[in-house]
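Chain order of the listed sequences is Z and Y. Last residue of the first sequence? That's 276 in my numbering, and every number before it is there in order. Last residue of the second sequence? That's 577 in my numbering, and every number before it is there in order.
By construction, these hints were calculated from the structure, which means they are not laboratory data. Where hints are given, some of them may not hold.
To be verified - Non-contacting residues of chain Y with respect to chain Z, defined by C-beta distances greater than 12 Å in every case (computed):
1) L344
2) A378
3) W432
What the hints assert, rightly or not - Now the stretches of chain Y that chain Z is said to cover, found in silico as 3 or more residues with beta-carbon under 8 Å:
4) 464-474
5) 494-504
6) 522-533
7) 540-547
8) 551-563
Backbone N, C-alpha and C define an ideal beta-carbon position, used for all residues, glycine too.
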Amino acid sequence: MTIPWRRLPFLVALVAATFLFVYPLVWLISASLKPRSQVFDNRLIPAVFQPQNYVRVWDAGPVMRWLVNSLTVGFMAAATVTLSSALVAFGFAYFRFRGRNLLFGIVLSTMMLPGAVTMIPVYLIWNRLGLIDTQIPLWAQNLFGSAFYIFLLRQFFLGIPRELFEAARVDGCGYLSMFRRIAFPLCKPALVIVFVFEFKASWSDLMKPLIYLQTPEYFTMPRGLKQLIDAFALSGHYEWEIAIAASVIAVVPMIVLFAFGQRYILDGVATTAQKG
Amino acid sequence: MPRSELVRRENRAGWFFVLPWVAGFLIFTAGPMIASLVLSFTDYQMIRSPRPVGFDNYRALFDDPRVLKSLSNTFVYAAMFVPLGTVAALGLALMLQRVGRASGFFRTAFYLPEMTPAVAAGAMFLLLLNGQQGLVNKVLGWFGINGPNWTTDPNWLKPSLAIVSLWTLGGTVVIYLAALNGVPRQLYEAAELDGAGPVTRLFRITVPMISGALFFTVITNTIAAMQMFDQAYTMFYGPQQKAAASEESLVYMVYLFQNAFQFFKMGFASAMAWLLFVIILGITFVQVRIGNRYVYYHGER
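Turn these sequences into a full structure, and let the hints steer you where they fit.
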């Protein structure tokens, strides 16, 4: 193999950039295994290993519960939004019904609406329903689909040849089974993208858990992590190694998800701007 | 079956499929928008029913120095993050394009930070940016630079927030790379024959050809920057906040959140939300006006 000399400067620059992007995560994992006094030293391999940090995280808060909560909320949020957005997207892609273009225009325009405008009345709705301090407000809205995903999935449904559906119609296939048997399976890559995007968004979200959850038992991982940091700040006793270990616990599931779905995820991100 | 029957069936079926969204829109978007507009003209502390106060909340917006401060903080943060992020992401994408198959590896590496929850990223950067012992200042020290107290010096709080955000610009890089790969190679060959240098090619071919993607990311990143919350709240706010130090890191959404859910000033917070909406609409409108003059769409219909 010849060395591509012309590419060498770019490769060097990119390796340097990679370092900037990846090193903080490596540092985080390394620091999570150090005693507090050595958190700030630059050694990648800890001079003194202190894996007990992870044990002490479990003492500092119900971390296992937070993890399970995050997984549950993330799954509910992702599953409901994928299914409902697909249904709606199929409606917009396949049927010519009265008011379709106006309605789709409204779908697109809601993407620009800042969450702050609806945040307070939506909170009051959940409050009225007595569902504050439950996890239902964290995902139930997803039952109704989400504009960006509807937009994305509609593009994919439009890509399915119409003849396929017409043939199914001739064979006596109803609209719902057309959706279930043809559109849904053919769109699997796009559905995976939507599921993963929403799972990631739900996993990262801090604002909704801050608004809706009060009991630590119900917290999601980011909310729990914030709680730990706040507790240290309040007591003036910064147990950074614990906060770091908790951060690692919050990050690693996402990295595992990324490792498995990276091609889907990256291609999904790449298409978002193209379809505009 | 008569044609009118078919049309009616398709109408019904179409509405059946989009019904979930229509219901959700009415319950969780349109209804709340009206409610929040109404609330913004009331004094509502949740203990009593809302009391109409006319334009008092809107007048109070401009009398409250923290509203203006948080707004200017947000603008300053956005003005640092959006241009820097765009240029840096474009630079990285251009380099990625030059390295052929290796770009897959780098693309993955650049995107990795996006998988980090903002709270974890915030906690991590509190340590990395620590003025005395943080890694960032140690590295700066190698070059003889005496790094600032990023997380405590009021002048450096917003740059700190911008740095955390810049760490997660991998998504933008991925979008730009896809756009760059869509530019026809012949354009460059033709330009080269005409004697165009690399800089001319960049500004006369590359940038115009990917202007759609640039435009899209500038708009979405601006809208997101105006609503920044998670990092700022993680790094500088919470039950422990120190009022004096936090003034410079008070971004708009943090102050709105505090008014709504810590001070329970629901009416005032609603007015804040509408002010933000109007500002975002205004910025986006200007960006679209400017963009329409310069953006080139490949498949223009």
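Okay, the hints, checked on the actual structure:
1. L344: Its Cβ never comes within 12 Å of chain Z, the nearest being 17 Å, so this holds.
2. A378: violated (7 Å)
3. W432: At roughly 18 Å from the nearest Cβ of chain Z, W432 (chain Y) sits farther out than 12 Å, so the non-interface label holds.
4. 464-474: violated (count 0)
5. 494-504: holds (count 3)
6. 522-533: Answer holds; 3 residues pass the 8 Å Cβ test.
7. 540-547: holds (count 3)
8. 551-563: holds (count 5)
In the structure shown, a violation is registered for the earlier hints numbered 2, 4, in ascending order.
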